[in-house]
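A.B. asks: What follows is the residue order along each chain.
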Amino acid sequence: MNIFDVIGPVMIGPSSSHTAGAVRLGNVARLILGEAVMEARIGLHGSFAETHRGHGTDRALVAGLLGWATDDLRIPNSFEFAETAGLAVTFSDINLGELAHPNSVRFNLIGQAGTRSDVTGASIGGGRVQVTRVDDFPVELTGDFATLLVTHHDQPGVISLVTAVLGQQGINIAQMRVSREQKGARALMVLETDQTVTDEALRAIAALPPVERARRIQID
Amino acid sequence: MFCLQRQAADLETTEAAILARMEALLPVMRDSIQAGLQGHRSVGGLVGGDAAKMAAYGAECPGNSVVGPVLADAVTMALAVGEANASMGRIVAAPTAGSSGVLPAVLFALGKSRRLSNKQLAEGLLVAGAIGMVIASRATLSGAAGGCQAECGAAAAMAAGAAVDLCGGKPAQVGDAVAMALKNMLGLVCDPVAGLVEVPCVKRNAGAAAQALVAAEMALAGVTSVIPVDEVIDAMGSIGAALPAALRETARGGLADTPTGREWAKRLFAGKGEGNSTET
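Chains P and U are the protein sequences, given in the same order.
Numbering follows our numbering, with no gaps: position 163 of the first sequence is 163.
Count along the second sequence from 1, add 220, and you get the number used in our numbering.
Just chain P, same shape as in the assembly (with noise of 0.2 Å):
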């Protein structure tokens, strides 16, 4: 938490949980698709199922799935946009348990080159956001760091040499974590870090041999 977190952010109202969160959960979960989004299911749980209308909770989903900020006076309006975006929008009500987060939202994305994405997170207050699943990864990714995805094979090794990459282009390493489908399938990496993640880096772990997919986050 920084002070602009207390005094801030800038948003299109009414509510900085089920709008501006909303917004980051849509801009997240299309980085993490990483390609324009063509299709996007959206399941909405709890307190974001019962009043997305009312709050505009819906257009805040779709407009950060279109990349927009907080603030866009264009939310309002953002389904239109969709249409001619050619984003096709389907939203439906889910239970995701009772220990879910009660702003939670699931996305199945489908993206421009055909990549799928299954991303589910939580709007947590004051417009802050934590996803909780990708795929069929459990994960912790607040979107208040600049962050890494790294999608590879579950092998000796591969750690070192993501985070060597890292290391010389001196970007600092604040939070990780590593889990997998099961021993030596395929794992996934999340990296915080304090620096943005540079192209050559983005390239140089892309270009590992273990390494299947590498994707950057990082919203304003």
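What the hints contain is simulated information worked out from the structure, not anything from laboratory work.
Keep in mind that a hint or two might mislead.
Facing chain P, a subset of chain U residues (Cβ under 10 Å, in silico) [as the list claims (entries may be wrong)]:
no., residue
1, C223
2, I238
3, S262
4, N305
5, G309
6, I311
7, L323
8, A348
9, I355
10, L406
11, P412
12, E469
Ranges between beta-carbon positions, derived for each pair [unchecked claim]:
no., chain 1, residue 1, chain 2, residue 2, range
13, P, E83, U, Q258, 45 to 53 Å
14, U, D454, P, A88, 25 to 33 Å
15, P, R186, U, Q258, 52 to 60 Å
16, U, T234, P, E181, 27 to 35 Å
17, P, N77, U, S357, 48 to 56 Å
18, U, P464, P, G170, 23 to 31 Å
19, P, Q182, U, V248, 43 to 51 Å
20, U, R226, P, T163, 26 to 34 Å
21, P, A185, U, G407, 24 to 32 Å
22, P, D135, U, R487, 39 to 47 Å
23, U, D454, P, M176, 31 to 39 Å
24, P, P156, U, G407, 54 to 62 Å
25, U, R335, P, N2, 51 to 59 Å
One side of the interface only, derived from the structure: several residues of chain P facing chain U at Cβ under 10 Å [claimed, not checked]:
no., residue
26, I3
27, I7
28, G13
29, S15
30, S17
31, R53
32, D72
33, L73
34, I75
35, A100
36, P102
37, I124
38, Q130
39, Q168
By construction, the Cβ of each residue, glycine as well, lies at the ideal position given by its N, Cα and C atoms.
Got chain P sorted already, so can you dock chain U onto it with the hints?
C.D. replies: Frame of chain P; chain U shown alone:
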């Protein structure tokens, strides 16, 4: 100011840059007041036009004000920002969107009566932000977690502290103002009608602005809080945790559960439960 040094280090920037960023928020706050005074209806249609009524009342018969010019201005501005927020206008969450009217109302009403510069107002925002960070770390700023005492209550406390600082009060007086403003908002439930940030949120912003000014006035006069400010914040946190879920932003209790509140919810969300699926 230690907090400013620490923030500059954390954000890898200079103290001057932080002050400049704060100052850049002032025009957004001013614009949100102007937008609210236009009288746009909210998304749910429950609020809109009350700030304009207050402004017209003040303009027609300034001598008739019950509370005097500073508080009347603050009430007008708090309603204006609340209404701008409810109509999906651009605002500065401070600390949240639902409570975004309190701080600009208090700062600009004082700024008008005391001819404060933008730099001074930006310093006021810094003081308010530092207070908000303490409340966030000891308790909460979320209505869903702690009720409206955590949103409008925290906003009142932040605005009260900023007001005392802007009026030349000592740091101890800032602490007393924060304590007294928050004390007068303790127990405040979050009970939005139909779950929307409209009723009672908009008028509560006006009430919170008044509490902030009252607390600031007391602190500047030398009135102190018997319970120290940290303990008041802790009490707010424990009250929030003890509040039943129906009174924490779920729209299942309080004003949301009155006959009129339920009627509005039914009218606005008719057809819900039949899939509730919309397509763009």
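A.B. asks: Please write out, lowest number first, the hints stated earlier that are contradicted by the structure.
C.D. replies: Hints 10, 13, 14, 16, 17, 18, 21, 25, 35, 38, 39 are the ones this structure does not satisfy, whereas the remaining hints hold.
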